[in-house]
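*Asks:* If you want the building blocks of each chain, they are given just below.
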Amino acid sequence: MMLEKGLPPIVFNDLKINNISKLREIVQLHALSMGGHPDAVADLVVAVNEAAANIMRHGYHGRPAKIEITLIQEKDDLLAVILDEAFPFNPLDNNQPDTTLPLDQRQLGGMGVLMMRKFADQISYQLTAEGKNELTIRKKNAFKDFQKENNKDAQF
Amino acid sequence: MLNFDISFIEAARPVTVLKMSGELDAASYESAIDKTADLYADGTRDLLLDLGDLTFMSSTGIVALHSMAMIMRGQKLPEEDAGWGKFTAIARDVEASSGPEAHLKLLSPQARIRKTLDISGFSQILEIFEDQNAALAAF
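Chains as they are written, first to last, in this note's numbering: chain R, 1 to 156; chain B, 157 to 295.
Treat the hints with care, since some could be wrong.
Derived PhoX-like pairs (lysine-lysine); straight-line CA-CA distance at most 20 Å [unchecked claim]:
id, chain 1, residue 1, chain 2, residue 2
1, R, 140, B, 271
2, B, 271, R, 118
3, R, 16, R, 132
4, R, 132, R, 75
5, B, 191, B, 175
6, R, 66, R, 22
Rough simulated footprint, nothing fancy, chain B against chain R, three-plus residues with beta-carbon under 8 Å [what the hints assert, rightly or not]:
id, region
7, 12-22
8, 48-56
9, 113-121
These are calculated hints, taken from the structure and not from any lab test. Built from N, CA and C at the ideal position, the CB exists for glycine as well.
Using the sequences and the hints, build the whole thing.
*Replies:* Rendered as structure tokens:
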């Protein structure tokens, strides 16, 4: 992956669910300062919020979490690379809830991952050599005329 | 942070309008549920959620909306750790009924929140209106 532009990683120590809004606020400010389109940034923040909440709930089980987020511009795309040191866990392994099924037939859990997938354009996971969980969330065309490029009336 | 404004409307039926402003997330969702429980305890039986100034809603917000719907039905809330199982009771009733929830409706969600409601399927369970008078008449 060729890195074009980015800011130093944002490190959140002792992150808890009750101050997750601070994570959103800082990520949004950083992404906007990089020149990201507000609508694209807002979508990315939704996805990042779901990822972080997932990490805090399932990785740290409510204990204070350490999460590192690096925002990167790759051509016209905005990437959020999220690192955590909880036990190895790929949130993308869970099956997505099939929302065409009646609600009482859907699998437990997965709503947060579904939202990540719907508000981002690409999500990938890897376990780093240091044993950290690394989740990369990509928002395409975040630095172009976002609405024109992504047709906000598109079906999903 | 999530803020609440409450108004009582005497339409064809008495309706409480609960305006939620700010962000509905994992930190604030319980306050929304508690507020609804308080309103129900005080006699509210039809509730319109004004989401016009709600700027953010996470997946936890969906959990809150479900709990609020159950409260407005006079039903006991599911266990804390029931996960998607929380949706089963309401889902069964919606499947058995001829329409969406009768006692909880939504007003003017912003586009990104509307997307979340659509993704989750909750826009089929909770009627969404853009006009308050139309919403009030629907109860």
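*Asks:* Determine for every hint whether it applies to the structure shown.
*Replies:* How the hints compare with the structure:
{"no.": "1", "hint": "140/R <-> 271/B", "verdict": "18 Å, holds"}
{"no.": "2", "hint": "271/B <-> 118/R", "verdict": "9 Å, holds"}
{"no.": "3", "hint": "16/R <-> 132/R", "verdict": "19 Å, holds"}
{"no.": "4", "hint": "132/R <-> 75/R", "verdict": "26 Å, violated"}
{"no.": "5", "hint": "191/B <-> 175/B", "verdict": "11 Å, holds"}
{"no.": "6", "hint": "66/R <-> 22/R", "verdict": "14 Å, holds"}
{"no.": "7", "hint": "12-22", "verdict": "holds (count 5)"}
{"no.": "8", "hint": "48-56", "verdict": "holds (count 3)"}
{"no.": "9", "hint": "113-121", "verdict": "holds (count 4)"}
Hint compliance for this structure: hint 4 alone is broken.
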